[in-house]
Structure formats: structure tokens, C-alpha cells
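Protein chains: 2
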Amino acid sequence: MAGVEQEQTRSEKPSEPWVIGVDLGGTKIAVGAVNRQGQVLARTVLPTPVSDGPQSVLAAIAEGMRQIAAGQSTPPAAVGLASPGPMDNKTGVAVAAANVGWYDFPVSGPLQSRFGWPIYLENDANAAALGEWAFGAGRGVENLIYVTISTGIGMGAVLHGRLYQGSHFTAGEAGHMVLVPDGPLCTCGERGCWEALASGTAITREAREAVARHPESLLAALAGGDPLRVSVAQVGEAVRRGDPVAQEVWERAVHYLEIGFTNLANLFDPDLFVVGGGVTNLSDLFLGRVEGYINAHANPGMRGRLKMVRAGLGSDSGVLGAAAVAWQGLPSESWVEQARQEAV
Amino acid sequence: MAGVEQEQTRSEKPSEPWVIGVDLGGTKIAVGAVNRQGQVLARTVLPTPVSDGPQSVLAAIAEGMRQIAAGQSTPPAAVGLASPGPMDNKTGVAVAAANVGWYDFPVSGPLQSRFGWPIYLENDANAAALGEWAFGAGRGVENLIYVTISTGIGMGAVLHGRLYQGSHFTAGEAGHMVLVPDGPLCTCGERGCWEALASGTAITREAREAVARHPESLLAALAGGDPLRVSVAQVGEAVRRGDPVAQEVWERAVHYLEIGFTNLANLFDPDLFVVGGGVTNLSDLFLGRVEGYINAHANPGMRGRLKMVRAGLGSDSGVLGAAAVAWQGLPSESWVEQARQEAV
Chain A
624 MAGVEQEQTR SEKPSEPWVI GVDLGGTKIA VGAVNRQGQV LARTVLPTPV
674 SDGPQSVLAA IAEGMRQIAA GQSTPPAAVG LASPGPMDNK TGVAVAAANV
724 GWYDFPVSGP LQSRFGWPIY LENDANAAAL GEWAFGAGRG VENLIYVTIS
774 TGIGMGAVLH GRLYQGSHFT AGEAGHMVLV PDGPLCTCGE RGCWEALASG
824 TAITREAREA VARHPESLLA ALAGGDPLRV SVAQVGEAVR RGDPVAQEVW
874 ERAVHYLEIG FTNLANLFDP DLFVVGGGVT NLSDLFLGRV EGYINAHANP
924 GMRGRLKMVR AGLGSDSGVL GAAAVAWQGL PSESWVEQAR QEAV
Chain B
624 MAGVEQEQTR SEKPSEPWVI GVDLGGTKIA VGAVNRQGQV LARTVLPTPV
674 SDGPQSVLAA IAEGMRQIAA GQSTPPAAVG LASPGPMDNK TGVAVAAANV
724 GWYDFPVSGP LQSRFGWPIY LENDANAAAL GEWAFGAGRG VENLIYVTIS
774 TGIGMGAVLH GRLYQGSHFT AGEAGHMVLV PDGPLCTCGE RGCWEALASG
824 TAITREAREA VARHPESLLA ALAGGDPLRV SVAQVGEAVR RGDPVAQEVW
874 ERAVHYLEIG FTNLANLFDP DLFVVGGGVT NLSDLFLGRV EGYINAHANP
924 GMRGRLKMVR AGLGSDSGVL GAAAVAWQGL PSESWVEQAR QEAV
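So the protein sequences, as listed, match chains A and B.
Throughout the first sequence, residue numbering follows my numbering, covering 624 to 967 in sequence.
Throughout the second sequence, residue numbering follows my numbering, covering 624 to 967 in sequence.
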């Protein structure tokens with residue numbers, strides 16, 4: 624992986640405050656320097672050394688932070704670190720980040736000792752929600768629900784202009800909202816969870832079964848006749864080309880998206896739903912329909928007033944979400960006010 | 624209905640600030656004088672003159688306010704008014720209070736013109752949530768979810784120590800969270816909503832069918848052999864006396880309570896669930912079980928840490944909830960701080 628990339632968009636005022644955003648994933652660690660406007664001033668990516676143990680992952684993060692800071696003329700105002708799993712942002716401990724082997728693992732303390740900068744931890748879906756609220760598709764709205772649909776379904780909520788984490792840092796487990804008691808088994812051990820019905824994994828599972836049952840279908844042809852090779856992208860392509868086998872799989876998943884989002888509307892009544900994750904590569908095949916459904920089926924008081932958009936931050940979303948966590952952690956209301964004033 | 628009752632618990636300091644709480648229902652209007660500690664200093668109850676039209680309902684509220692204020696030595700600091708349906712607490716308009724015929728009906732303006740006191744409107748389930756947070760079973764916790772189970776299922780959320788209303792004043796429609804797509808028809812026109820599966824109305828519906836199928840059952844005997852006379856209380860009594868027909872009805876409803884509350888736990892991860900409404904007369908038959916279930920089935924990060932208690936405010940809950948809305952509306956953080964400091 625490459626070294627630090629300095630952006631052309633580097634701020635003119637070298638002394639303007641900036642933060643580090645760290646997006647920790649199971650295969651790579653993306654680290655960026657981000658200003659208050661959400662511009663990425665510099666970025667670097669390192670492999671996640673999972674097999675070398677939890678301390679090595681922490682060391683790789685520190686190395687990324689060092690590289691990024693070395694390229695700036697001032698130290699960062701703060702660091703935000705986003706990771707899957709519940710993060711205790713009061714004590715700076717990763718409660719359970721299974722993909723990097725962190726369990727009750729102190730993160731902020733060691734990094735703070737080394738660098739002396741304030742560190743704020745956050746769950747990755749929560750950070751993405753805050754990033755979209757601060758810099759992306761939902762800038763400055765009062766209440767935003769972010770939902771990511773990829774292998775699983777995750778959620779983050781910005782309510783009253785503030786990230787809502789819950790009392791044990793595990794709010795927003797929308798993927799495990801049960802929609803069909805006794806439905807398909809979920810990775811969590813329960814049955815009929817939303818992500819067992821409408822995630823990329825669920826779509827792939829149903830598509831495999833459909834391909835096995837219908838070897839004559841276009842979907843089967845796209846997968847080379849091998850049910851195990853079928854992908855969400857192939858389902859989308861077959862749907863566009865009118866394959867009824869793919870359409871049945873797709874329609875079922877979209878209907879569960881409709882029901883799940885209607886439930887979230889009824890519970891949260893937000894200004895805006897922002898939808899991210901890999902399945903949004905097919906957003907033209909579902910986003911407008913789901914928006915139409917919730918506006919016809921949620922509580923009458925909100926019908927016709929609910930909006931749903933695709934996430935706006937693209938490939939930098941992880942780093943920008945983590946950076947938003949850093950900015951929100953700082954004792955400065957001005958940033959929040961700025962996002963609100965810039966609200967669309 | 625009787626006139627104003629002055630309480631023995633009347634405050635010693637006659638000049639201490641107090642508010643009026645108005646609990647507007649379809650059959651009666653309860654109005655009380657309430658101090659910061661949640662003591663009801665005086666109360667009165669008037670019939671709701673629904674058949675005389677929306678303006679008459681407003682006039683009855685004004686009369687109740689006048690009676691209560693006449694008994695105090697100082698004017699109230701504010702008035703809180705709780706009603707079913709979405710209330711726009713920014714404009715003071717009842718968006719839709721179907722049981723009293725208010726649709727886009729201005730409430731705060733006329734009352735303020737007459738009395739000159741600040742008026743704050745709120746949905747009744749939201750007000751009950753705030754009342755329990757301020758004065759009842761959930762005093763001062765950071766995140767509280769209140770659920771009322773009676774003819775329907777309603778919800779109110781206090782998040783980050785503040786009532787969460789949603790962007791269109793319709794958050795917390797937990798009763799219309801769909802748990803069984805294509806399940807029983809709900810009053811809202813959708814199918815398989817939580818309240819179509821686990822409310823008092825749902826329990827009664829299932830009990831009627833069970834009584835019709837099993838005229839030999841104890842439940843049928845308790846209902847005098849008439850399916851139309853069966854009640855939730857009779858189901859409870861038959862369950863306690865070991866009637867398998869009643870037990871089957873009850874077990875099904877409790878299971879949907881388990882699933883619904885687990886969904887709310889996964890979404891909100893609160894410190895505390897507070898459960899009110901008529902069905903809690905049978906709370907010994909379900910509250911502990913549901914608490915056990917959510918602590919075994921919600922996200923691992925919150926398991927064993929979720930608490931569920933019965934609402935604590937009893938028959939004054941409506942007036943106290945409305946009074947809490949009035950206190951929260953006033954520009955004084957001291958009240959919030961007090962509730963937090965008194966947190967158990």
C-alpha cells in the first residue's frame with residue numbers, strides 16, 4: 624500500500640485546525656487529515672495486521688497517525704477512530720471489535736499516551752451517520768437515520784443534532800430488528816432479523832437457491848451456472864434484463880426493505896434517511912420505491928414528508944465519519960452550529 | 624364530576640413555582656396544579672364535551688385551568704397539555720386528535736390569549752414518558768423508553784435526558800412496528816403491527832375466538848359463555864387458574880411482547896424500559912419474563928444490562944406527564960439537573 628497522499632485541496636491557511644480520522648476495517652486501515660469543512664487534506668492506507676494480534680493492529684493505527692501528522696504543519700486538534708462493534712467512547716475501550724480481535728481492549732489510552740492528542744472512539748455505522756450529517760447528504764438536519772446495507776445491515780442515528788449511541792453503546796442494531804418470527808436464521812443466532820431478509824448476504828442466499836432451482840434462468844447464466852458464484856451485482860443485472868427468477872428474489876428483498884424502513888420511520892420520524900453500503904450500487908432499483916412505500920404506509924402524520932437519499936461521501940466516507948466524531952468530540956459548539964447553518 | 628380538590632400535601636411555601644398539567648382524554652379532562660417535585664397540589668376533572676364540537680372541548684379545558692388557578696396564590700409558571708395524536712409543539716396546533724375532533728386545530732394560541740401563560744402541547748405517550756422520567760419510575764436516567772399497552776400500544780422516548788418527538792411530532796409509533804408481514808389486520812390499515820398482536824385489543828380478539836372454539840373452557844365460563852364478553856382481566860384470571868385455552872392466547876401475546884421489546888432494545892439500547900397502560904394490571908404475568916427475554920436475545924453488548932419496570936405514577940400519570948411537559952418547556956435547566964441528581 625502507498626504512502627501518504629497529499630491532496631491538491633490542501634487548505635491555504637496552514638494553521639487552520641484539522642483532525643485525524645481513522646477508519647479501522649478488517650483488511651485495511653484508512654487514515655486521513657480532515658478540516659472543519661470535511662476536506663480530506665491527506666490520506667494513507669495500511670493493511671490491518673490482524674494475524675499479528677491486537678497490539679499490532681494498534682501499532683499500525685499509530686503508524687498511520689504518525690505519517691499523516693508528519694505531513695501537516697500543526698498537530699491535529701483531535702483524532703476520531705471508527706470501528707465495527709460497540710466502542711465505549713467514555714472510557715476509550717473497544718468493547719468488541721471481532722474483526723480485529725479487540726475485546727475490552729483499551730485504545731484511546733495508549734494512543735493518547737504516545738501522541739498527547741484527544742482520541743474519540745465510535746462504532747463505524749454511528750460514525751458514518753455523523754459523517755453524512757456533518758459533511759454529506761444530510762448536512763445539519765435535526766434528525767437523520769443512516770442505514771448501511773451490505774453484507775449486514777447497520778444503522779446510526781443523529782437525533783436533535785447529536786449522535787445517539789444508547790446506554791451501552793449498542794443502539795442502532797436495526798439489522799437485528801425481527802420482522803419475521805421463525806424466519807431465516809441470522810448470523811446472530813436469532814431468526815427473521817432484517818439483515819437475514821434484506822442484506823446483500825440474504826439476497827445472495829436467496830439467489831443461490833433460485834439459481835439451483837432454475838438452471839435455465841438468465842441469473843444462472845450470469846453466474847456461469849454455479850449457484851455459489853452468484854452475486855448481488857448479477858441479481859441486479861438480471862433484474863434489469865427482465866429475468867423473472869432474479870426479479871422474484873429482488874422483489875422479496877425490496878419488500879423487506881420497505882417494511883424495515885417503515886418501522887424505522889414509525890419509531891424515529893426523521894427528517895431524512897441516508898442509505899449507504901454496497902447494495903446501494905443498485906440504488907436506482909430500490910431507493911425511490913422504498914421512499915414511496917414509507918410515505919404511503921408510515922403513520923399518517925409523516926406521510927408524504929419522509930425523504931430518502933443515497934449516502935454522499937463515497938470512498939472517503941469512513942475517514943470522514945471518523946473525522947466527524949473527532950470534531951463532535953471537541954468542546955466547540957461552533958462546528959455543530961456551522962453544520963446547521965449550512966443545512967439544505 | 625366534582626370540583627377542585629385541594630391536596631393535604633400543599634406546599635408550605637405558597638410562592639413556590641407551580642404549573643398546570645392538562646390530561647385531555649376522549650371522556651374526561653383531568654387538570655392539576657403540580658410543583659417541581661411532582662406533587663399534585665390540586666386537581667379537578669371535567670367531562671369532555673366531544674359531541675358539542677372542538678371549540679367546546681377547548682372551553683372545557685379553559686374552565687378546568689381557571690378553577691385550578693383560582694385555588695393558588697400565584698399564577699402558574701406554565702401549562703402543559705397532553706392529548707392523543709401528534710401535537711405540533713412549535714406552533715401550538717393539534718395536528719390530529721381524533722378522539723376530540725381536533726384536526727389542525729390551534730390550541731395554545733387561544734388559551735395563551737385568554738390567560739397569558741406559556742402553553743406547551745405534547746402527545747400523551749410522550750408526556751407519560753417525560754412524566755416517568757421526571758417524577759416516576761425512571762427519574763433522571765439518560766435514556767428511557769416508555770411503552771403503554773392498553774387498547775393500542777404507544778411509546779415515548781427520553782433520549783439524552785430530553786423528550787424525542789421526531790421531525791413531524793410522530794416518533795414512537797411502536798404500536799405500528801410490523802412484526803408479522805401479512806399478520807392480523809391493524810386499525811391503521813396495515814397488517815401484523817405490534818398492537819395488532821400484543822395489545823389488549825389483540826388479546827381480546829384472540830380470546831373471543833378461543834372462547835368460541837372452546838365453550839367448555841374456564842375462560843368461556845368466566846365470560847358467561849359469551850365470546851363478546853371476554854376481557855383481558857378474565858384471560859389473566861383463567862391463566863392464573865391454569866386454563867390451557869387462556870394460556871395459549873396469553874403465551875402468544877407475551878411472545879410478541881418479547882419480540883417487540885427486543886426490537887426496541889436493539890434500536891434504542893436504553894437504560895430503562897418503563898411499561899404502563901391497562902395490560903400492566905397483569906404485569907406479574909409478563910414483565911419479568913419479557914425482561915428476561917430481551918436480556919437473552921438483544922445485542923450481546925446490552926445483554927444482562929437492560930431493565931424493565933412498571934410505570935410508577937398511577938392514576939395521576941396523565942396530569943403529571945403534562946406537568947412535566949410544562950416544566951421541560953420552561954427555559955430553566957435547573958429542573959433537568961435536579962431530576963438527574965435525584966436519579967436512583
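Take the hints with a grain of salt, since some may be wrong.
[Said to hold, decoys possible] BS3-like, lysine-lysine: derived pairs with alpha carbons at most 27 Å apart: (1) A:LYS713 to B:LYS713; (2) B:LYS930 to A:LYS930; (3) B:LYS713 to B:LYS651; (4) A:LYS651 to A:LYS713.
[Claimed, not checked] If you anchor each label on the Cβ, the simulated ranges turn out as follows: (5) B:GLU839 to A:GLY927: 48 to 54 Å; (6) B:GLY694 to A:VAL932: 33 to 39 Å; (7) A:LEU808 to B:GLU839: 35 to 41 Å.
Hint data in this document are derived by calculation from the structure and do not stem from the laboratory.
Given the structure is predicted, the values throughout are model-derived calculations rather than measurements.
Positions of the beta carbon are idealized from the N, C-alpha and C atoms, including for glycine.
Against the structure, the hints come out as follows:
1. A:LYS713 to B:LYS713: 34 Å, violated
2. B:LYS930 to A:LYS930: Status violated; Cα separation ~34 Å.
3. B:LYS713 to B:LYS651: 25 Å, holds
4. A:LYS651 to A:LYS713: Holds, at about 25 Å.
5. B:GLU839 to A:GLY927: 48 to 54 Å: 52 Å, holds
6. B:GLY694 to A:VAL932: 33 to 39 Å: Since the Cβ atoms of GLY694 (chain B) and VAL932 (chain A) sit about 54 Å apart, the hinted range of 33 to 39 Å is violated.
7. A:LEU808 to B:GLU839: 35 to 41 Å: 39 Å, holds
Hint compliance for this structure: hints 1, 2, 6 are not met, and every other hint is.
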